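Engineer: Since chain A is already given, all that's left is putting chain P on it; use the hints.
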Amino acid sequence: MANMAQSIRMALHYAETNYELKDIFGQDVGMPLGGVFTATQGLKTTWNSTLDERGIIGMAMGIAMAGDRCVAEIQFADYIFNTIDLLKIAGNTLWCTNGQYNLPMTVMTPVGAGIRGSVYHSHSFDAWASRLAGWKVVMPSNPLDAYGLLLSCIKDPNPCMFLKPKALMRVRGEELIPGEPQDEKDLKNMIDAPIGDRSKWKAQWPKLEEYLVPFGKAKITRTGEQITVISYGRHLLLCNEVADQLKQEGYSVEVIDLRSIYPYDWQAIKASVEKTGRVLFVNEDTEVTNFAEHLSYRVTTELFYHLMAAPRVLAGKNVPGIGLHPNLEDSSVPQKHEIESLIRQICAEVP
Amino acid sequence: MASKQQFGGLDKKLLIQMYEHMVKSRVLEERLIKIYRAGESYFWIGGPGEEAWGVPLGMLGKKGQGPAYDFYHLHYRCTPTLIAMGLSMLDSVRLMMNRATDPSTGGRNFSNHYVIPKWNIAPVTSPLEVQYPIACGTAHVQKRLGKKSLTVVTGGDAGTAEGDFASSLILASRKGQELPMLITVQNNKWGISTSYEGQHGETTIADRAKAFNIRAQVINGNDPVESYLAIEESMEYIRKTGKPAFIEAHVSRLYGHSSASGANPVQNEVDPVKEFEKKLLKAEIIKPKDVKELWEKFEAEGVKAAEQARSEPVPTADSVWDHTYVGSENADWRNF
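Those sequence lines, one after another, are chains A and P.
Going by the working numbering, the letters in the first sequence line up with residues 1 to 351, in that order.
Going by the working numbering, the letters in the second sequence line up with residues 1 to 336, in that order.
So here's chain A without its partners, still in its complex pose:
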C-alpha cells in the first residue's frame, strides 16, 4: 500500500497528466529534493520557488487568474501566517468581482504535531483556514483519501486548501489507490527517487485512475450507538484506535472522519448525533475559537433535544507554541488517553 507522501505524488502526477495541472511549486518542491516529505518527487511540472511565502501565494493567484491550474506548497503551515491577507484575497476574489474572476488554485501545506517538530514545525491551520471564506478546506487521514481529496481540490474552480497531516506522511493505507501496484516494493521502485545522484532518474508511473472524494462528504470509520466522535487527519486514527479498544469493554463508539472541513458534512453529523445523543469533537488546533466549537455550537442549537450529554471539544491547549520536549508536546495536543477518558466521561453522563 502507498503511504500518504506517495499518494499525494500520484495524485499530482494524475492531475498534470489529465487535468492540465501546469505548475507544482514551492520551496524545495522541485528536484533534486522533491519536497521535504518527498511528496513532489519525479513530477514533470514542479519547480523551486524563492524562499518567499507571499511570493508563492501571490504567484499562484496570478497563475490561476490567467486561467491555468496550479498547486502551490507552503513548506510547513507554521510559515503560512504571513500570507494570511493574500489567502483572504484569494478567497474573496470571485465574490469581489461579482463572479468574474475565479481562482482554480490549490495550496497544500503540512500541518500538526507528532514529529517532535518544536515551535515552528507543529502548528495546525484548520481552525484558521475555516475562517477563510471562499476557500474549500480538506484534511485526509489516509492515503486513498489524500489522493481523492487532492484531485477534487485540483479539479475544483475555487481556491482549495489541502492540509497534509505531516505525522501521517509515511503511514500506509488499507486500500489501494486505483491503478497502484499490489506490491508496495514495486511502487517504491517505480516512484521513489533514489538516494544520492538523482539527475538521471525518472519516475515510472503506474497507470492511475481518477478517484475523487467529494467536498463535504464525511466517512463513518467505526459504527456505534453510544457516542459520536468526530475528527480528521492524524487524530482520526487515534479516535479509531480508542473506539476499537473501548469496544472490548462494551462501548459502542461511532467515529466520523470529517475529511472536508469546509464545506462540512452536517447531514452525517446530524444523523449520527441524533442516533447516539452524545458527541465529542477531536482535533489538535488550539482550543479557543477552534473550528470544532462551531460544530459543537451547531449541535447544541439544532440537536439540543436529542442530546443526552453536553457536547465536548478536545483540542490543542491555547498556548503560544508546541514545545520540543515530549512532555511539552504531549501535554499541548490531544493524546489517546485523553480521548478515551472523555469518551468514558461523556458516556457516563446522565441527563
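Treat the hints as calculated values from the structure; they're not laboratory data.
For clarity, every value in this text was computed on a predicted model and none was experimentally measured.
Glycine included, every Cβ here is placed at the ideal spot set by N, Cα and C.
Hints are not guaranteed to be accurate.
To be verified - For the chain A half of the interface with chain P, some residues (derived, Cβ under 7 Å), not all of them: (1) Leu51; (2) Gly55; (3) Gly62; (4) Met65; (5) Thr97.
Structural biologist: Frame of chain A, contents of chain P only:
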C-alpha cells in the same frame, strides 16, 4: 507652431487622442467627487493627477482577454488607464454609486476598484502592493505561452515599503527565468499624509530595480509625451527580450489621498492635464474653442451618467451569498 520634435515625434492625431482621454478622465474623477459630496456614495478614491502617465499606459497595451494579451494589475488611481482603453463614464459612475449594474463589482467595492476581464484588468484591491506578486503569476503564464504578451503592474511609492514589492523584483528577475513584466511605481511623494522623505532612504525607487539587474528609469509622469515614449520603448524591450523593465513615474496627487482626507483640490502640484493643454494650444494643435467644447462635452456626459446610474437598481440583501463559490454553489453552512 511647434516642431514634431517638441512632442517626441508623436503625431498630431495621437497627441489629440491622449489629450481627450486625459480631459475625460479628469472630468470623470471630478464628477465622482461631486457624487461623493452630494452624499450619493460612501467613499471616493481615484487618480486625478495621474492622467499623463495612465492614459499612455492604457493606449499602448495589447488589449484583450487571456494570457495571449497584456494583463494589467492596477492600483486604485487607474481611471486614466481605463478611460484610454475604452471605459465608459457610466460604468465608472455605477461603481462609484454601488449599483447592481456596476460591471466591475456589482456594488460590492469602492470607486476605482475596477474589474474588467475582457481587457485582462485584474481586480483592483484596497490592500497595497499585493498586486505585485500576483502580477508575477500572470507573467509566468504569458512566458510559458510565448505570445509576446506582457504584464503591467502599477502602485504607489509608499506601498513599495511592503515586502510584496521586493517579492516581485526578485521573482521577475531570476536568471534564466525572467518574467515579461512592466513593473511601475507612480511616485506622488505621499502615503496618505506621510511624505516621501519620511519613508525612503534610497535615492530613487528605480535604484531598487537596478539592484536586480532590471532595466529601470525615472520619468516625469506628468508629461504624457515622455510617459508614452518610455512605456512604448519599455514594452518593446519586454516583448523582444522576455525580460522585465521598470519605470518610476513622478506624478501629482491633485485631490489628496481620498475622500477621507477631504478630496479637496491641492494648489502646489503640477496639473498634467492643464499643462499639456497649454502646450497643445501654444503649438496650435488644438484651438481654445475645441478645448471649451471638449470639457463641456465630457461634463455633460458625466452628468448624464450620474442621472442614469441614480435610476438603476442596487444590490439586493439576499445576493450576499452569490459568488462565494463558482456557480454560486451553496456557501451558507446553515444549508449544508
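Engineer: Look at each hint and say if it fits the structure.
Structural biologist: Status of the hints after comparison with the structure:
no.: 1; hint: Leu51; in the structure: violated (10 Å)
no.: 2; hint: Gly55; in the structure: holds (4 Å)
no.: 3; hint: Gly62; in the structure: holds (2 Å)
no.: 4; hint: Met65; in the structure: holds (6 Å)
no.: 5; hint: Thr97; in the structure: holds (4 Å)
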